[in-house]
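There are 2 protein chains.
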Amino acid sequence: MAIHVHSSSQLGEKVETMIEWLASFGKTKNGGVTRLLYSESWFFAQEALKEKMNQCGLNAYYDDVGNLFGRAEGTEDSSSVILIGSHIDTVIDGGKYDGSYGIISGLLAVEYLLKHCGPPKKTIEVVSLCEEEGSRFPITYWGSGTITGKYTFEQIQELTDSQGIPFIKAMKDCGFGVGKFPSPLRNDIQCFIEMHIEQGRMLEQKGKALGIVSHIVGQRRYNITVIGESNHAGTTPMTDRRDAIVIASQLITSIADKAKSSGVMATVGKMIVKPNVPNVIAGEVMFTLDVRHHNEDLLQHFCLEIAQDLQRVSDQNGVNIIAEEWMKVKPVAMDSYLIKISTEVAKHQNLPYEFLVSGAGHDSQVFGAYCPTALFFVPSYKGISHSPKEFTDKLDLERGLKFLIEYLYQLAY
Amino acid sequence: MAIHVHSSSQLGEKVETMIEWLASFGKTKNGGVTRLLYSESWFFAQEALKEKMNQCGLNAYYDDVGNLFGRAEGTEDSSSVILIGSHIDTVIDGGKYDGSYGIISGLLAVEYLLKHCGPPKKTIEVVSLCEEEGSRFPITYWGSGTITGKYTFEQIQELTDSQGIPFIKAMKDCGFGVGKFPSPLRNDIQCFIEMHIEQGRMLEQKGKALGIVSHIVGQRRYNITVIGESNHAGTTPMTDRRDAIVIASQLITSIADKAKSSGVMATVGKMIVKPNVPNVIAGEVMFTLDVRHHNEDLLQHFCLEIAQDLQRVSDQNGVNIIAEEWMKVKPVAMDSYLIKISTEVAKHQNLPYEFLVSGAGHDSQVFGAYCPTALFFVPSYKGISHSPKEFTDKLDLERGLKFLIEYLYQLAY
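Residue numbers (UniProt numbering), protein chains in the order written: chain C, 1 to 413; chain V, 1 to 413.
Since the hints were derived computationally from the structure, they do not count as laboratory data.
Be aware that one or more of the hints could be misleading.
Unchecked claim - With a cut-off of at most 30 Å between alpha-carbon atoms, the simulated DSS-like pairs for lysine-lysine come out as follows: (1) K52(V) to K260(C); (2) K169(C) to K29(V); (3) K330(C) to K258(C); (4) K382(C) to K274(V); (5) K121(V) to K169(C); (6) K258(V) to K274(V); (7) K260(V) to K172(V); (8) K50(V) to K121(V); (9) K328(C) to K121(V).
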């Protein structure tokens, strides 16, 4: 059985309007969005979405870490849940679509189905996951991680943000982590579905409207600290220095070269220099390393090579180099049955689609290790993401939503 | 005529005690000192020194930028002044001796002479110069620069510190720059004398007690900004990136290599990365470049080479690279007559001395282009400076002071 989504219903307008509305929470002067976990803008966004979910005919509720759910009770099965959504948090000065589109398209799809087809047979919940990016605290997927049992409160006891604010305090200041809401851990999730912008160029380059993800890359993140010797910039001979900036620069250059030749994605996105003044040789530099590939063995091999480099450079320069791994996620395959249904829906809608590997990490990665999971992409303008310039065309937003409506119909009605 | 400085007068004790006392203003948890221009710790230090100068029998007064003077009127000549001292400001988490020793030794020397020899024939002033390091605002030698006419208030109208606080505001908040005190510009300075720690290893390695400086190196400082493209760390192919951190790292590596081979001192001490998060490719990196040599032509040649590199890298990578020069000081020779007298005093005291070039910039560099100037060094433990580990042995502090007492006696009595 199939559903025909009305073209008349201005779904594109609706998505765009709602994207702009959600972007108004944490809007930056550059036109981007900064919504860090448990910040004020984050909290106001969740509160506003809670109200919106209720307006759309869903029953909205929080769990104890601040994941927000909107539930549409199934007429035949309320013991298991089809979960659909994405994350509400952003990177610093990120885009309007990353995460938001998954929540908004899910919400509008369920609203459409409730309006045109009545309550579903199977229970559907739309989720606004509290955290995915790892931009405030050195932990990622806090939202999906607590739902699936990957994380408990143990993992965040010691964590603080760059201002030194403890994770626990930030969470409690928003009213979470105090047992006021149900535990995030779930055992009733039948499958997870996430719509997202591609954040890459492939769909745009190939002229496709829908990306059906087969695998999500594995990721590892490290803090690498080079401890040299701080000294006077004018009186310490060049040959007599243990300059942490120069040594870090050599490492970063060689990491980038190795990544190019190996096919692995490697990024140094953050650097902290001490004491960080013009006329003093830097005594210490911390830089982050983000490594990704969908082949676990290749990933492992690359990280071992880097570790050997660090050791060699440390020995050659008489400096101490410490590498601390703070994130390790294995590559994950999406569910074949869910993929099969999606191709049928795409064909029924004459939607040009492409199978691809996701280079970005997503909550689907965490759910994928826990329950059948599907991840779908809509095109990103020039592939730009994590930037105020992030953009997806209205037509593409609408095509994604129409796909999702019929897809959800197939799964829940 | 000569003076015999009493060995019994515990001058070493006195210097050490006063160094510790002055270091208590702006002391850091690492045992270093942070006294940035016009900060609270800076202001309290000047106020305390003002009181101490008066206690030592000098007439203390400020000028309109916050340079602090202690005047001992000459019996025969009060129209010209022998100026002696150094700077009160420090780098972030710097040492106790840098700058402070020049002020303290000058003050104790004049106190000693007033006590044992009465008032001088020629007027002596001890000065605590307000700023030399350039650690808070992108300007150096503000103290000596305003005295010698190198700077007026024009140069600082637009300057702000890293917090965005305007220079003008910081100055006025301390009560300066509002015409309450006499203008800093002087036309009555006969010569300038500065005692300082070497901040290098030569005296220690050669077992000498006194460094007589022949030249001070020229210096140039730049802010170099690489403007690439911020993008997603997981979906932007390595070959498709304009990563500001990777490009800055290549530049820093090649600058360090070029410096080693050319004999020039080049230091990148400060880096600012935007947006500076682990999973976002950096769109912009600003780094400082500090270049020094006592040969102006060599300095010029090196800086031109770097400029050509920046152009080449900018063209090759399709990024914008902006280099802004914010400091340019020529090499300066110290006064030959003042050097001659100093060697006679050193010989008279059987003080092992060494002629050397100063790799560090000093206020003497600014005064040297304006009036006869002499700069003397005492040893630095392991040459460590601009660090809490900065140290000079009590005996060396005392030998420097004894030298200065007799030297001042020769010039002013």
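Pair hint K258(V) and K274(V), alpha-carbon separation not exceeding 30 Å = Holds - the C-alpha atoms of K274(V) and K258(V) are around 27 Å apart, at most 30 Å.
Pair hint K52(V) and K260(C), alpha-carbon separation not exceeding 30 Å = Not OK: K52(V) and K260(C) at ~63 Å, beyond 30 Å, violated.
Given pair status - K29(V), K169(C), alpha carbons within 30 Å = 26 Å, holds
Decide if the proposed pair is consistent with the structure: K382(C) and K274(V), CA atoms, cutoff 30 Å inclusive.
-> Satisfied, since the Cα-Cα distance of roughly 21 Å is no more than 30 Å.
Hint consistency between K330(C) and K258(C) [alpha-carbon to alpha-carbon, up to 30 Å] = The given pair, whose Cα atoms are some 21 Å apart, holds under the 30 Å limit.
Restraint status (C-alpha distance of K260(V) to K172(V) at most 30 Å) | 43 Å, violated
Compare the distance between the alpha carbons of K121(V) and K169(C) with 30 Å, and conclude whether the hinted pair is satisfied.
-> 68 Å, violated
Regarding the pair K50(V) and K121(V), is the alpha-carbon distance no greater than 30 Å?
-> 23 Å, holds
Given the proposed pairing of K328(C) with K121(V), does the C-alpha separation stay at or below 30 Å?
-> Judged against 30 Å, a Cα distance of about 76 Å means the pair is violated.
The structure does not agree with the numbered hints 1, 5, 7, 9 stated previously, though it agrees with the rest.
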